[in-house]
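Chains A and B, in that order, are what the protein sequence lines are. When we follow numbering that gives the first Met the number 0, the leftmost residue of the first sequence carries the number 0, and every step to the right adds one. When we follow numbering that gives the first Met the number 0, the leftmost residue of the second sequence carries the number 0, and every step to the right adds one.
Keep in mind that a hint or two might mislead.
Short derived list, chain A residues pointing at chain B, Cβ under 10 Å [said to hold, decoys possible]:
hint, residue
1, Val189
2, Arg191
3, Glu277
4, Gln280
5, Pro327
6, Phe398
7, Gly399
8, Ala401
9, Asn446
It is worth saying that the hints were derived from the structure and are not from the lab. Quantities reported herein were computed from a predicted structural model and do not represent experimental measurements. The C-beta atom is built at its ideal place from N, Cα and C for all residues, glycine as well.
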Amino acid sequence: MNFNSFGYIFLFLPVVFFICQLARRLSTSKAPQICVLLASMFFYAWSKPEHLAYLLGSILVNWQIARMIANAAPQRRKQFLQAGLVLNIGFLCVFKYLNFFIGNIPYFAHHKLLVPDLAFPLGISFFTLAQIMYLVDCYEELILPSSLFDHATFVSFFPYIISGPISRAKRILHQFSTLNAAASPSAEAVARAMFLFSLGLIKKVVLADAFSKAADFGFSNIGSLSTIEAWCLASAYALQLYFDFSGYSDMAIASALLLGIEVPRNFDAPLRSLSIIEFWQRWHISLSSFITTYLYTPILRSFQRATLATAAIATLLAMTIAGLWHGPAWTFVIFGVIHGVGLVINQYWKKKKMPVLPDWLCWLLTFALLDLGFVFFRSPDLHTALLYLPHLFSWHNVFGVANMRQMNGAGLMVGFFLLAQACGIVAAFFGKSSDELTREFKPTWLNYAATAACALIAFLYLNSNVAKPFVYFAF
Amino acid sequence: MTARLWIIMTFSTIAAVVGASAVIAYAVDPYGILRDPKGRELTVYFFELKAKYLVNERYVPANFDGLIIGPSSSANWDVSSLAGARIYNESIPGGNAAEEQMLVKRALDKGHFKMAVFVLDPSMTASHDINEGVDATKNVEAIGSFHLFAHEAAFALHAAHIKFNKSDASPNGKLVLNLAKRIQVAKLGTGQFNIDRDGLNDYRDLIQSLQAKGATIIYVAPPVYEPQYKFNEAAYKTYLDTIRMYLPPGPIINMNGPEYIAFRSNPDNYLDCWHLEPQGASTVTTLLEKLVPQAISSSH
């Protein structure tokens, strides 16, 4: 079930909200949480019921391992953690990476030893990371193992099960008492949730999909792109991805807020970043936090001394793994490597106190690196990316706009898409982030008009059958 | 404003706008989906493919019992009746067999069709791509969508007697072709006559579906501007022979035959080598009105 569907907006979410409200009035103290758990299972099973077994298996196994870690003698705790990590990574690999790894070993690929392609369970990359964080946090005694009921509710929570934000147990588990409390979420919180949901919806349905038209056109006509067009259309993809994923995250956070649960923010106006380090502090924040805490730091610790060189190796390794996390393809690996190299240069520049560049140049260099990375991210294969790259640096046809003209052409919808793109550019580079807007939210006439307008425009797009699925559903 | 009032106001506004939109949609109902379309005359503005997909739900089966199925070259044939059947022109600019199949199968579920004219143009079987996401179009779009609002705006402009230059389709499906006149004879590549296997299957399935419901099938090879036809005669003949082998048998009116050479040689009849000027389309219509009954009676 998509957040950007009428079924979710008008049926699923309101029904869950009202059932939870009713459950709060029951004497059973855990009734609202039971409702949320059942709703989450239903939500997850909606598109592919057979994949529910994988999710339940993952919940059960990780809950048991966490208990074993907590109860084991100190010398065995690490073994249980290692077993848990191997199981989780193995689980992810079987569904996502096995054929990628085997296919890249020439002997095996040649002998057709590839295993059948298994359709990977929805959200596997997200809930597996949540499980890994849970096990590590239990091992480091940051949290105590929770009950199976709490663990199942935490992992399967429908607002984030499919595409994040990837949440740590210690940020969520303690809020179940609020969920189960007799008092309903305040009208202020519900209004704020509605406001944020409408922002997310319009970001996804109107802005992201408008940029996707341009990006799709660019990647379908690579051969004839001029230099300026190549950069513009790569930027269009950056904007598409930003609005798509941040819109999804806003809707996820808003859905959780409606039930009284606060999920950490995932984006903070990342396209305004003045360095690649700043970018990763603002883009997919929950994944960045995972990379820093659970990949970069352990890798760095594994070296005897923390130097600039070891930090660079740790950064490169962590970002390569993060790139691969997005999918089993070399394009994602290279995306990770590009960002890793960018981060290393950025760290070196800062440590060595190199000359400070003007802000506009910092922004331009950062955005250029993002575009470069996103060319690999968007390309269906390495060949396509390598076809696209020369156009970014070509002196042959620098200022040609023939493709732009052809893309824009004429017609009614084009006008709507161009207007949406103009609004998107202003919002991404000059406007406040959803998080800022939501924090500053007050139930004013202006916010009322904005929320109603955003919702109505988004509904119009949704009902005109021009909306596309979320990009991150593929991961 | 209190938060509670804010929530009530927001919900009320959304509900009011959606409600008002639905009421206007019901009143205008340009696709004949919301109200009984029997006897209505619906004009199609904008997004022809989507609009024709939607009118095939109720309007076409309720008002017509004959069809013309073809690409843009037959889209401006203004045929109201043939051999006693009321005709709806399903032709779509840039259309192919797969899209026509999607359109017509909706009408077939509810209607009864005595006859169908199938246009044998290479573009019909060149691919089976579905454009404009028409395969995912839902009837609920008739309550509020871009194309509905565009239709409503067109209605309002017409009501205000304000002229606007936009192609539209008559109640019988005839489209106005807004093409600049540009007759340029050229040798066509083999790719232009490529027959897509899936596209051909779609065309055959559609013909068989109509036949199974009792419709008489007539094939028409549309008239190509004579110098262009001569330049590519072998390819056109091969295409026609090939496709006829795969499609169910039926009478054919070949407008590229020698008897129509005078018509085809007159550039005044053409916008380009394939699309007809209104006067050319009118001549073809007259011819069809005469030839189709003859073809049907000869086939019996």
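Against the structure, the hints:
Hint status for Val189(A): holds, given a least beta-carbon distance of 6 Å to chain B, under 10 Å. Annotation: Arg191(A) was flagged as interfacial toward chain B, and the flag holds, the nearest CB pair being 8 Å apart, inside 10 Å. With its C-beta approaching chain B no nearer than about 35 Å, Glu277(A) sits outside the 10 Å limit, and its interface hint is violated. With a cut of 10 Å, the hint placing Gln280(A) at the interface with chain B is violated, because the nearest CB-to-CB distance is about 32 Å.
Annotation: interface hint on Pro327(A) violated; nearest CB of chain B at approximately 29 Å, more than 10 Å. Checking Phe398(A) against chain B: minimum C-beta separation of about 29 Å lies over 10 Å; hint violated. Interface hint at Gly399(A): violated, since its Cβ lies 25 Å from the closest Cβ of chain B, which is beyond the 10 Å cut-off. Nearest Cβ of chain B to the Cβ of Ala401(A): about 20 Å, over the 10 Å cut. The hint is violated.
For Asn446(A), the shortest C-beta to C-beta distance to chain B is roughly 7 Å, which falls under 10 Å, so the interface hint holds.
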